[in-house]
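Trainee: Those protein sequence lines, which keep their order, are chains A and B.
The numbers in my numbering rise by one with no breaks, and the one at position 83 of the first sequence is 495.
The numbers in my numbering rise by one with no breaks, and the one at position 37 of the second sequence is 53.
Just so you know, these hints were derived from the structure itself, not from any lab.
Just so it is clear, CB atoms sit at the ideal spot from N, CA and C, and this is done for glycine as well.
Careful, some of the hints might be misleading.
With a cut-off of at most 20 Å between alpha-carbon atoms, the simulated SDA-like pairs for lysine to any residue come out as follows [what the hints assert, rightly or not]: (1) Lys83/B / Asn42/B; (2) Lys83/B / Lys57/B; (3) Lys60/B / Gln457/A; (4) Lys415/A / Met62/B; (5) Lys60/B / Glu74/B; (6) Lys57/B / Ala429/A; (7) Lys52/B / Gly515/A.
Listed next, the stretches of chain B that the computed footprint assigns to chain A, with coverage defined by at least 3 CB atoms under 8 Å from CB atoms of chain A [to be verified]: (8) 80-91; (9) 103-116; (10) 121-129.
Estimated spans, in silico, between C-beta atoms of each pair [said to hold, decoys possible]: (11) Asp86/B / Gly515/A: 29 to 37 Å; (12) Ala429/A / Thr29/B: 17 to 25 Å; (13) Ala429/A / Ala19/B: 28 to 36 Å.
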Amino acid sequence: DAKTTQPPSMDCAEGRAANLPCNHSTISGNEYVYWYRQIHSQGPQYIIHGLKNNETNEMASLIITEDRKSSTLILPHATLRDTAVYYCIALATNNAGNMLTFGGGTRLMVKP
Amino acid sequence: DTAVSQTPKYLVTQMGNDKSIKCEQNLGHDTMYWYKQDSKKFLKIMFSYNNKELIINETVPNRFSPKSPDKAHLNLHINSLELGDSAVYFCASRPTPGSTEAFFGQGTRLTVV
Numbered sequence: 413d414a415k416t417t418q419p420p421s422m423d424c425a426e427g428r429a430a431n432l433p434c435n436h437s438t439i440s441g442n443e444y445v446y447w448y449r450q451i452h453s454q455g456p457q458y459i460i461h462g463l464k465n466n467e468t469n470e471m472a473s474l475i476i477t478e479d480r481k482s483s484t485l486i487l488p489h490a491t492l493r494d495t496a497v498y499y500c501i502a503l504a505t506n507n508a509g510n511m512l513t514f515g516g517g518t519r520l521m522v523k524p
Numbered sequence: 017d018t019a020v021s022q023t024p025k026y027l028v029t030q031m032g033n034d035k036s037i038k039c040e041q042n043l044g045h046d047t048m049y050w051y052k053q054d055s056k057k058f059l060k061i062m063f064s065y066n067n068k069e070l071i072i073n074e075t076v077p078n079r080f081s082p083k084s085p086d087k088a089h090l091n092l093h094i095n096s097l098e099l100g101d102s103a104v105y106f107c108a109s110r111p112t113p114g115s116t117e118a119f120f121g122q123g124t125r126l127t128v129v
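All chains should be built: construct the whole structure from the sequences, respecting the hints.
Mentor: Quick look at the structure:
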């Protein structure tokens with residue numbers, strides 16, 4: 413699976429959009445971009461995933477560049493409860509042996 | 017109802033002891049995992065099971081022995097506990113190995129003294 417690179421930490425003001433970048437310049441054609449987050453003392457939680465097109469769900473939006481070498485997770489109106497570590501993972505889903513491999517992630521601090 | 021549940025939530029034990037952590041998922045998923053999160057907060061895959069069969073063992077010491085009595089359960093037994101085994105252990109499940117979303121339990125904080 414392709415390696416991903418994320419900034420170690422970011423701050424965001426409550427109510428503003430949080431834009432979390434991820435670099436995955438070696439991503440291959442069959443690898444999806446997944447985002448998970450881990451709130452303190454809890455298990456990781458799935459947020460969203462995408463292959464080529466931008467995606468949106470009730471939690472977030474995912475913007476993937478046309479060359480697929482980077483992506484941005486957008487939390488449109490961050491709340492204090494969005495403070496967490498956010499993980500960007502590149503993963504192919506056509507392999508029975510594949511599994512989520514977590515890197516260091518981005519620690520997002522939402523401030524009042 | 018909790019989708020992926022682990023017991024116990026906290027476990028404090030002495031070096032050399034043998035302990036087990038239980039995991040159950042009520043989602044009907046085929047695939048289950050164990051992850052370890054150490055003090056530096058890195059989450060590392062330990063084992064992957066599909067339909068009670070081991071798929072992946074990520075060079076975990078053989079003191080760690082997962083057991084899957086049925087598809088809904090994947091228990092982790094640890095022999096001769098060492099200080100370095102102290103960590104938070106997470107169980108997770110997916111509908112199939114290639115499914116998109118994984119569901120994680122709340123974790124078991126193991127402290128070896």
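Trainee: If a hint holds in the structure, say so; if it does not, say that too.
Mentor: Hint check:
Taking the CA atoms of Lys83/B and Asn42/B, the gap is about 17 Å. The hint holds against a cut of 20 Å. Taking the CA atoms of Lys83/B and Lys57/B, the gap is near 25 Å; set against the 20 Å cutoff, the hint is violated. With a C-alpha separation of about 16 Å, the suggested pair Lys60/B and Gln457/A falls inside the 20 Å cut-off, and the hint holds. The hinted pair formed by Lys415/A and Met62/B meets the criterion: a straight-line CA distance of about 19 Å does not exceed 20 Å.
Between Lys60/B and Glu74/B, the direct Cα distance comes to roughly 9 Å. Compliance with the 20 Å bound is thereby established for this hinted pair. At most 20 Å may separate the alpha-carbon atoms for a hinted pair to count; Lys57/B and Ala429/A exceed this at roughly 26 Å. The suggested pairing of Lys52/B with Gly515/A holds, with an alpha-carbon distance near 13 Å, which does not exceed 20 Å. Judged by the Cβ-Cβ criterion of 8 Å, the region 80-91 of chain B is not covered by chain A as claimed, because only 0 of its residues qualify and three are needed.
Counting residues of the region 103-116 of chain B whose C-beta sits closer than 8 Å to any C-beta of chain A gives 6, which meets the bar of three, so the coverage hint holds. With 3 residues having a Cβ less than 8 Å from any Cβ of chain A, the region 121-129 of chain B passes the three-residue criterion, so the hint holds. Asp86/B and Gly515/A have their C-beta atoms about 33 Å apart, which keeps the hinted 29 to 37 Å range intact. A beta carbon spacing of about 45 Å between Ala429/A and Thr29/B contradicts the range 17 to 25 Å that was offered as a hint.
Separated by about 30 Å at the C-beta atoms, Ala429/A and Ala19/B satisfy the suggested range of 28 to 36 Å.
Checked against the numbered hints above, the structure breaks hints 2, 6, 8 and 12 and satisfies the rest.
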